[in-house]
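Chemist: These are the residues of each chain, in order.
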Amino acid sequence: MMVPAFLLWAIFMLGPAVWGIRLTFTNEALTGPAAKNPQFIGLANYRRLLGDPYFWGSVYRSFVFVLGSAIVGQAGLGLLLAVLTSERRRIWPRVRIAGRLATALCWLAWVTPETLIGWCWISFLDYNGVLNQILKLFGLRPVYWMVRHGMLSIILANIWWGTGWSMMLFKAALESIPREVEEAAEVDGASAWQKFRYVVLPLLRRPIFVNVLLITIWTYGVFGLPFMMTGGGPGHRTELMTIYAYKTGFKYFEIAYGTTVSIGILFITLFLALVYHRLLGRRT
Amino acid sequence: MYKWLKVALVLGIMVFGLGALAQEKVVLTFAYPTWFTDYPRFLNWYIPAFERYMEARGTPVEIKVMELPAPDDPYREATLLRLAAGTHADIFANDTFYIPADALAGYLLDLTPYVEKWPEWKFWVPAAKDAITFQGRVWGLNRDTDVRPMYYRKDIFELAGLPVPWQPASWDDILEAARAIKAKRAEIAKALGVSDVVPVAFKAGILGGEATTMQGFYMLLLGAGGRLYDAESGKWVAKSSALLDTLKFYYKIYIEEKLSVEPEFWMAGAPVDKIHLYLSNVGQRPNEPALAMLVTWDGVWYDTVNPEHERYIPDPPGRDAVLAYCKMPAKEPGAGIRGQDFVTISGGWGMVINAATEHPDIAFEFLKFVHSKGEMLASRIDVPGSIRLPARWDLTEDPVYQKLATPYDIFCATELVPLTTVRPGLTEYPKVSDLVQEATEKILLGEKPGDVLDWYAKALKQLVGAENVIELP
Chain A
1 MMVPAFLLWA
11 IFMLGPAVWG
21 IRLTFTNEAL
31 TGPAAKNPQF
41 IGLANYRRLL
51 GDPYFWGSVY
61 RSFVFVLGSA
71 IVGQAGLGLL
81 LAVLTSERRR
91 IWPRVRIAGR
101 LATALCWLAW
111 VTPETLIGWC
121 WISFLDYNGV
131 LNQILKLFGL
141 RPVYWMVRHG
151 MLSIILANIW
161 WGTGWSMMLF
171 KAALESIPRE
181 VEEAAEVDGA
191 SAWQKFRYVV
201 LPLLRRPIFV
211 NVLLITIWTY
221 GVFGLPFMMT
231 GGGPGHRTEL
241 MTIYAYKTGF
251 KYFEIAYGTT
261 VSIGILFITL
271 FLALVYHRLL
281 GRRT
Chain B
1 MYKWLKVALV
11 LGIMVFGLGA
21 LAQEKVVLTF
31 AYPTWFTDYP
41 RFLNWYIPAF
51 ERYMEARGTP
61 VEIKVMELPA
71 PDDPYREATL
81 LRLAAGTHAD
91 IFANDTFYIP
101 ADALAGYLLD
111 LTPYVEKWPE
121 WKFWVPAAKD
131 AITFQGRVWG
141 LNRDTDVRPM
151 YYRKDIFELA
161 GLPVPWQPAS
171 WDDILEAARA
181 IKAKRAEIAK
191 ALGVSDVVPV
201 AFKAGILGGE
211 ATTMQGFYML
221 LLGAGGRLYD
231 AESGKWVAKS
241 SALLDTLKFY
251 YKIYIEEKLS
261 VEPEFWMAGA
271 PVDKIHLYLS
281 NVGQRPNEPA
291 LAMLVTWDGV
301 WYDTVNPEHE
311 RYIPDPPGRD
321 AVLAYCKMPA
331 KEPGAGIRGQ
341 DFVTISGGWG
351 MVINAATEHP
361 DIAFEFLKFV
371 HSKGEMLASR
381 IDVPGSIRLP
391 ARWDLTEDPV
401 YQKLATPYDI
411 FCATELVPLT
421 TVRPGLTEYP
431 KVSDLVQEAT
441 EKILLGEKPG
451 DVLDWYAKAL
461 KQLVGAENVI
471 ELP
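Quick note, the sequences are listed as chains A and B, same order. Oh and the first sequence: position 170 is 170 in the working numbering, straight run, nothing missing. Oh and the second sequence: position 153 is 153 in the working numbering, straight run, nothing missing.
In short, the hints are calculated from the structure, not lab data. Any given hint might turn out to be false.
[Claimed, not checked] The calculated label-pair distances, taken between Cβ atoms and stated as ranges, are:
#1 Gly86/B <-> Leu137/A: 29 to 37 Å
#2 Gly193/B <-> Asn128/A: 12 to 20 Å
#3 Pro473/B <-> Trp56/A: 50 to 58 Å
[As the list claims (entries may be wrong)] Dumping the calculated BS3-like pairs for lysine-lysine here, alpha-carbon to alpha-carbon at most 30 Å:
#4 Lys448/B <-> Lys274/B
#5 Lys251/A <-> Lys248/B
#6 Lys136/A <-> Lys184/B
#7 Lys64/B <-> Lys154/B
#8 Lys136/A <-> Lys274/B
#9 Lys36/A <-> Lys182/B
#10 Lys258/B <-> Lys235/B
#11 Lys403/B <-> Lys251/A
#12 Lys448/B <-> Lys251/A
#13 Lys252/B <-> Lys190/B
#14 Lys136/A <-> Lys258/B
#15 Lys458/B <-> Lys251/A
#16 Lys461/B <-> Lys251/A
#17 Lys190/B <-> Lys136/A
#18 Lys154/B <-> Lys403/B
#19 Lys448/B <-> Lys117/B
#20 Lys136/A <-> Lys117/B
#21 Lys239/B <-> Lys251/A
#22 Lys461/B <-> Lys36/A
[Unchecked claim] Far from chain B by the CB rule (all over 12 Å, computed), these chain A residues:
#23 Ala34
#24 Ala35
#25 Leu80
#26 Leu101
#27 Ala109
#28 Val143
#29 Ser176
#30 Arg197
Where a beta carbon is used, it is the ideal one built from N, C-alpha and C, also for glycine.
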């Protein structure tokens, strides 16, 4: 029974993966002499990767991107929104309708395809875009937002895109906390903040960890949205690891080295996943 | 009973198969840049005409068109991916500066034996032959070459109190004109009904791609007497005063004196398209600026009279009233490459055959058809502004062809062609070109010319190897 599934997996997943790893030991390129007679060059690509300032620059930029957009942005904002809009423990009862609307809108952003989000943000931040038109109404000078503030632009866009996921996950986790625990705290005279800080938050620790692990790994892999908005530029200022891998392979046509960069990304994400895993195991 | 059925079946298949074989057409695929002005001519004339021609010769051929993404960089990416995967078209157009790398990659059919047997090959002028020759072998055919003039806006010059017609003799002349325009930019913008006036632009930045290198950086570098590759020593130039002068000029117009668009202009969207729209803006786009001076490709002159082109200058005032052209000056008279006072550079596209094609002979028939004198002349008549600098001298000398020449064509052929140069026809060139684009982007980001040159020298050594670079005074 498993054979067809395994075959498909082998053909479409295992095969390309093995092929890709083999490629990293060659100097294969899409044009030039190495395209005709690729040579086996051992670990030269990996040595180059370790000493490649552009690669390490992109690792650093990806770290900033993940920290800003995934951990602080999506998880932080998602938690805040989840608490504010939660049906069961409404902190502010009058926001019920607004809360449902906010939930729906966040969710809508999350289910929208990446390219569409990209176009939305480009039309908003472009030199002739909506934001600059508004600035002009107030007599202010237009700004090349995605050039001047490239990293901030892609971080904001990615927060906007991904917060819905964290929010939904945290909302579900909030609903699962037994009401009695909270009622007991109320009887003891705890304020709303104390209730959240000492009762709700500790119980949410595990979902928070799992969520941060997931979105960290996803966000390290994000490519389309930042690539559409800034293309890694200006210079290399928004060149994330994924964008660097793409450019090496398909702009400079060094397919073997581009694959090596991808393997580098794989190891970094794997390492982070292990770190999170250890932390998660210890805390519970 | 079954036996007879079997026999009938086998016979039927054989008859059907033979019939199909007899009627089977040779199918060739063809890829051409969809944004070229003569692309429709391939669809509407060359392909159907060639099919009828081959049908009459008893070899029915069908040419299928493969549409690739536009413009240059996506086209290149699609081309290489298809070539590497073995799924590219049998015949395709390729920018000639990619020929060395693609020939070494084994992607291109060596056309040397074909052209040697073709009596018309002797009509190719040496410069055109050079563009499609690598390591002594011929890898494609080209119909024409191109040059780069400097365009300027007569209406803006007059409003700024500058002389018209104008021919700058040095970079300082360009800067002075730009300063004069900048001093009156608000006034001129108001008179033209545009949002602003940009005095001068030289193509820059990574998004500009090859246009940055060839139509911006190279035109300045040649004017400072420099090259990217030193043919004498056979090495790439890591440092030279010409390279530094070129970077300094960029720094001057974009950062120091702000005589051009904002540096960020080159780092967002499709800047090369946009800068041409500024050049042709006479008020039809009131929310955009107008540009007074730009070095660019010679075909732009014809785009601006083509109502279907977005660069069209509406009539009135019409192109001839507002747009003019001149030669790009060297830094100072005599300071250019080979001691020239003025400089330009040539390139162009060629048509090549995929080495993996199953029908090389028929593919070459198509190349011969498209590159025949009669077809080139017909194309010249049919598509205004096409084939201005033909690869074939028998076409240049044709009286009908000569009658078609406008003063602009004569200017390009007699004033610019004798001055022209080409890019280094080497495998590494496209990658060196990427470094040049990045160097200009660093200038745009405000880095000092000296630092950028240090960076360039280091990056170049890494790219081609320290033993393959030279530092010139």
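Chemist: Of all the hints given earlier, name the ones this structure violates by number, lowest first.
Modeler: Violated: hints 1, 3, 7, 9, 10, 11, 19, 20, 23, 24, 28.
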